[in-house]
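Student: So the protein lines, in turn, are chains A and B.
Those letters in the first sequence? Residues 1182 to 1578, by our numbering.
Those letters in the second sequence? Residues 1182 to 1578, by our numbering.
Incorrect hints may have been included.
Which copy? The list can't say, so a pair holds if one copy fits it or any two copies do.
As the list claims (entries may be wrong) - List of simulated lysine-lysine pairs, DSBU-like, C-alpha gap at most 30 Å:
hint : residue 1 : residue 2
1    : LYS1315   : LYS1445
2    : LYS1445   : LYS1513
3    : LYS1247   : LYS1186
4    : LYS1445   : LYS1460
5    : LYS1315   : LYS1513
6    : LYS1539   : LYS1186
7    : LYS1435   : LYS1513
8    : LYS1539   : LYS1315
9    : LYS1247   : LYS1539
10   : LYS1460   : LYS1435
11   : LYS1186   : LYS1315
Just so you know, these hints were derived from the structure itself, not from any lab.
Number of protein chains: 2
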Amino acid sequence: MTSSKLRLGVAGLGRAFTLMLPTLANDTRIQLVAATDPQPLACAQFERDFGIACDPNFEALCANPKVQAIYIATPHQLHAAQVEMAAAHGKHVMVEKPMALTLDECTRMIEATARAGVVLMVGHSHSFNAPILKAHQLIQSGAFGRVRMIHALNYTDFLYRPRRPEELDTRAGGGVIFSQAAHQIDIVRLLGGGCVNSVMAHTGAWDAARPTEGAYSALLGFEGGAFASMSYNGYGHFDSDRWMDGIGELGQTKNWAEHGIARKRLMNASTASDEATLKASRNYGAAQWSGSLALPPNAQHQHFGPIIVSCDHADLRPTPQGVWIDGDFDVKLDALEPPPLPRSEVIDELYNAIVHSKPVLHSGIWARATTAVSLAILNSAQSGQIQIPTHQMPPAY
Amino acid sequence: MTSSKLRLGVAGLGRAFTLMLPTLANDTRIQLVAATDPQPLACAQFERDFGIACDPNFEALCANPKVQAIYIATPHQLHAAQVEMAAAHGKHVMVEKPMALTLDECTRMIEATARAGVVLMVGHSHSFNAPILKAHQLIQSGAFGRVRMIHALNYTDFLYRPRRPEELDTRAGGGVIFSQAAHQIDIVRLLGGGCVNSVMAHTGAWDAARPTEGAYSALLGFEGGAFASMSYNGYGHFDSDRWMDGIGELGQTKNWAEHGIARKRLMNASTASDEATLKASRNYGAAQWSGSLALPPNAQHQHFGPIIVSCDHADLRPTPQGVWIDGDFDVKLDALEPPPLPRSEVIDELYNAIVHSKPVLHSGIWARATTAVSLAILNSAQSGQIQIPTHQMPPAY
Chain A
1182 MTSSKLRLGV AGLGRAFTLM LPTLANDTRI QLVAATDPQP LACAQFERDF GIACDPNFEA
1242 LCANPKVQAI YIATPHQLHA AQVEMAAAHG KHVMVEKPMA LTLDECTRMI EATARAGVVL
1302 MVGHSHSFNA PILKAHQLIQ SGAFGRVRMI HALNYTDFLY RPRRPEELDT RAGGGVIFSQ
1362 AAHQIDIVRL LGGGCVNSVM AHTGAWDAAR PTEGAYSALL GFEGGAFASM SYNGYGHFDS
1422 DRWMDGIGEL GQTKNWAEHG IARKRLMNAS TASDEATLKA SRNYGAAQWS GSLALPPNAQ
1482 HQHFGPIIVS CDHADLRPTP QGVWIDGDFD VKLDALEPPP LPRSEVIDEL YNAIVHSKPV
1542 LHSGIWARAT TAVSLAILNS AQSGQIQIPT HQMPPAY
Chain B
1182 MTSSKLRLGV AGLGRAFTLM LPTLANDTRI QLVAATDPQP LACAQFERDF GIACDPNFEA
1242 LCANPKVQAI YIATPHQLHA AQVEMAAAHG KHVMVEKPMA LTLDECTRMI EATARAGVVL
1302 MVGHSHSFNA PILKAHQLIQ SGAFGRVRMI HALNYTDFLY RPRRPEELDT RAGGGVIFSQ
1362 AAHQIDIVRL LGGGCVNSVM AHTGAWDAAR PTEGAYSALL GFEGGAFASM SYNGYGHFDS
1422 DRWMDGIGEL GQTKNWAEHG IARKRLMNAS TASDEATLKA SRNYGAAQWS GSLALPPNAQ
1482 HQHFGPIIVS CDHADLRPTP QGVWIDGDFD VKLDALEPPP LPRSEVIDEL YNAIVHSKPV
1542 LHSGIWARAT TAVSLAILNS AQSGQIQIPT HQMPPAY
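My request is simple: use the sequences and hints to build the entire structure.
Tutor: Okay, structure coming up:
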């Protein structure tokens, strides 16, 4: 019965999907068999690209017997109900981060997939990146002693990329805590042992025209005594890719002449409606769509900003080239081959889980714990108090 | 009566003094007129270098009519009593950081100098550095809007430099909180407005052979809503000068081949006594003393690791070359001339205060507020609770 290819249906052909597109189009383990999206232009592009019908009916996708697994890349607030429906139809699920906006929703998703006996995987997130997984392996080897302290930062232009109004409303899942902290927390939890027992945070929302969190600094305590400091700033000034050898989040070489380009583009959109139109114009299949199925040339490993994991006998730094090991007496790079195609690590985990029944690292219960820390950051910043996140757990392997 | 030169006596010819030596020997506004130290070798070197008698009697230094001001660079725990004695003799005082180990000591020092009508300045600290002062000016100009978020980090080999036993005992003022956080807090307070209203911190002391804090991460809240994240790691693995264009704390070009050299040197010192001997052998005037009065060649501005000050319309980054301004639409360097001699900013402030009666930025009440934050970091890490530091104040100008 087992096909050598995983037959995948896609729900939602928005930005998250376009970031996975080179992977889905080129990883030979994946066969796209169906898609759904409310936008006719996106559906039409999918039909052109893959020769497969696409329509707005999510339930039909769930019922489609050709579909083994569904990649849910719809707006955050739809995730819970859609995962429940997919599970009810016996489909495996990969759902984009953030998993959901509340812990109750996460629990519903976990329970629905467990009842149905299907895989639930949450991603893409940058904790799938090969250099992060390599750092995790190096830690697990015990060669460098215990993890004591982690530092993570990322300075980007996130807040000035074109948005739909809900993406600028925290209550609707907007802002950097839901969209960006989810990456950083996932990475830091993976490398720090997974179980966060205290969170103190400040958040910043200082552009009144974009009234959601654009920045944060958080301090996490871990069971066992390690701690992590995480900072994120999406206000488009300093770019921390300068500390990643000029390589961007997607593994591309940065063009520093493009400083401020996100803000410049937004200046042509004076209302929320203009901005949503601007965003839509660049979507998959729309007038300004410039993406393709082709693999990006010369891409290095993806990253989410500088990460320093301090162990007893070395600081480990995952970078686009591998993991730098700054040890007691020497500095060396544990080099990784350039990636065969972007985000193949995501397919590794999904394929192995569904086809080979291997355990999922980025499971529902793992991602619920990350969501709990995201919510603790928001609550700590709002209350000025330390928060103790619930549902924490160590990595499955 | 006013001489054009400031007649300075030095108390303590240890490491802090040797770091100020090129400044004190070459700044034409300074005339060294006396010195005191318990070590005959150090005194003998001072006599060779400056042709001025040196002896162990601190009170005689205070009573010396040639002395206008005393630079107190003795071990931390002696600062309070020595400042009181200097003030009682009507001498102006520059006392090294950390100002003292308790707030009561700080208050005694402030009151003694106020009663005597003499200047009390606390330094050197790296918040005197011209690029930091330039960043402060840029903030004060209002051109970039309000300060919203500050990020500071520094990864060094501090813990593996040779130490006396007390320097590895937090109760005696050892460890990175007293010695190193004092720099970072001073910088962050200067740029963040000065008034810290919450502190949450974790500290790390994970080398049992050196049982004091070697690392910390702290989150500071400021009056007005700005926040700062500070991380320090002195365990000698990653070196954050890699993010400062390869320029070291003292403005020197780093030699990466020297990675691990501090640990290697310590391997020859197996007991605390051996280590104290090793440290002493490199002191001023001792067998391995290799310093000189000469100005370091090609030195750039000193620094204390990467600092990013996020304002409404730019991130400001003080570096050895000046202040990088990553703005809304462009990136530019507000360049500073290379320093005429290291730490001349310290003499600027001291000389102007004593000779021209200008206000002191790094005053006793300023440094007490910094000490309060240092102690809050220790208390927060020990209790796991948020601390509210006392005695906070904005910069004097």
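Student: With reference to the structure, classify each hint as holding or not holding.
Tutor: For each hint, the structure was consulted:
Taking identical chains as interchangeable, the C-alpha atoms of LYS1315 and LYS1445 lie at most 30 Å apart only when they sit on different chains, with a minimum of 28 Å there against 38 Å within one chain. Taking the shortest Cα distances, LYS1445 and LYS1513 sit within 30 Å of each other only across copies (17 Å), while inside one copy they are farther apart (40 Å). In this assembly of identical chains, LYS1247 and LYS1186 lie within 30 Å of each other by CA distance solely inside one copy; the values are 12 Å within and 89 Å between copies. Proximity of LYS1445 to LYS1460 under the C-alpha cut-off of 30 Å is restricted to the intra-copy arrangement: shortest distance 14 Å within a copy versus 56 Å between copies.
With identical chains, the CA atoms of LYS1315 and LYS1513 are at most 30 Å apart within one copy only, with a shortest distance of 14 Å there and 37 Å across copies. Taking the closest pair of Cα atoms, LYS1539 and LYS1186 come within 30 Å of each other only inside a single copy of the chain (16 Å); across copies the shortest separation is 77 Å, beyond that limit. In the homo-oligomer, the alpha carbons of LYS1435 and LYS1513 lie at most 30 Å apart both inside one protomer (24 Å) and across protomers (17 Å), since each shortest distance falls under that limit. When the C-alpha separation of LYS1539 and LYS1315 is checked against a cutoff of 30 Å, the pair qualifies only within one copy, where the shortest distance is 19 Å, while the shortest distance between copies is 57 Å.
For the homomeric pair LYS1247 and LYS1539, the shortest alpha-carbon distance inside one copy (23 Å) is at most 30 Å, but the shortest distance between copies (81 Å) is not. Taking CA atoms no more than 30 Å apart as the test, LYS1460 paired with LYS1435 passes inside one copy only; the shortest distance there is 22 Å, against 46 Å between copies. With identical chains, the CA atoms of LYS1186 and LYS1315 are at most 30 Å apart within one copy only, with a shortest distance of 26 Å there and 60 Å across copies.
In this structure, every one of the numbered hints holds.
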